[in-house]
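A.B. asks: Using the sequences and the hints given, assemble the complete structure.
There are 2 protein chains.
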Amino acid sequence: MRIGILGTGGVGRTLAGALSGRGHDVEMGSRDPEAALASTDVNQQTDTTLSGWHDSNAAVRVATFAEAAAHGEVLMLATAGDGSLAATAAAGDDLLDGKVLIDISNPLSWSDQGPSLTVMNTDSLAEQVQRQHPGAHVVKALNTVTASVMVDPSMLGGGDHTLPICGNDDDAKRQVTRWLGEWFGWRDVLDLGDLSGARATEAYLLFWIRLYQATGSPIVNTKVVRGRPGR
Amino acid sequence: MRIGILGTGGVGRTLAGALSGRGHDVEMGSRDPEAALASTDVNQQTDTTLSGWHDSNAAVRVATFAEAAAHGEVLMLATAGDGSLAATAAAGDDLLDGKVLIDISNPLSWSDQGPSLTVMNTDSLAEQVQRQHPGAHVVKALNTVTASVMVDPSMLGGGDHTLPICGNDDDAKRQVTRWLGEWFGWRDVLDLGDLSGARATEAYLLFWIRLYQATGSPIVNTKVVRGRPGR
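Heads up: the protein sequence lines correspond to chains A and B, in order.
Going by this note's numbering, the first residue of the first sequence is number 1, and it counts up by one from there.
Going by this note's numbering, the first residue of the second sequence is number 1001, and it counts up by one from there.
Looking from chain A toward chain B, a few residues come up when the C-beta cut is under 10 Å (computed):
#1 196
#2 200
#3 221
Just so you have them, the derived chain A footprint on chain B, three or more residues with Cβ under 8 Å:
#4 1117-1131
#5 1152-1163
#6 1194-1206
#7 1211-1219
If you're looking for bench data, these hints aren't it; they were derived computationally from the structure.
Fair warning: this is a prediction, and the values are worked out from it, not measured in the lab.
Where a beta carbon is used, it is the ideal one built from N, C-alpha and C, also for glycine.
C.D. replies: Written as structure tokens, this is what we have:
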């Protein structure tokens, strides 16, 4: 499958490497791919520069946001939250219209007071992306776990934990649910309804970050436990 | 044990009934106990008026905030979020100092746009209560589940799900963890550190409400699933 990933950070690389390794045709988009490949910044999640990572993942092309969007039959938005709207704007409506856009980004900022949501309550970053690109089928997914767990849920609890998703298009959510199972082995994908559910799953990050801090590891998630029907 | 519960709504009643039924000496506090007992409002969670509920739970006394605070060796703050600071102010520092105060309240407001946090990011309602009463040992707990699950976690998943707590006083958290086990059978109480963890567990409510809406039942919680040590 042709997959376009917007973002070349730790999340984008982890997804690109896993999907390329499973035989998919992956292109990653960057604002400035030449500068990104020349950068000496070592990414925490992959412990290497982009060019160092690319040496081991040569099948993945590094291109512009627009080129990656043009390439993908399905698109994944894996930028930092403060870059999400600029990335999809650079890709442009023509390349996004009618495509499933899996939004993994989170509207977080950090200060010495800890993490804060920059969008919250009656709006979410996913809804902002959807409003900016009405023709795209935005599905919020994968933003509630760390990159290594996104692509390998079996890392904890034998894979018995929950990935919440939401979006306005039921067909798109069904496709994403199937892909998450086929690509990565996600078994418990929970549909939280329309895209306003992203207000919940983005706010959940404040809880997830605290779990990370309290347990000392980002390899942590939650499993939704339901009561018996009728209770 | 002498327990003071601030608040006579559905959460306060459910806690008071369960604790009284287990032999504890419970007093509930209200801003105006006579008016509360005269009210014809039917509470959704208990499906009765306060006086109707009290007829079946006569061992529980309904008193003022200050009287309930004076009564309790341990206190539980079970008001609506917008009444929390007024309730503890009415109780007063003298009656709160040195006591464990389990804060169950959530800073939520509702509009036709859905739920919103009224305190968030770099502050929490629990921290506001703690700042207002520096001598109290505030422990945030039980705010992440519905009242019936608070007092009976076995209602779902055989009780195998998580209750996050936080607070600045380690002894108070140890006591609360023990009480939650003895009173209600909570087995997986997870310490999220100091009281700033309430920023996470209060924001989690936006996620919990969406789980409630998506699953169609408030009998829902999450279990924290951790990776193997060292991963």
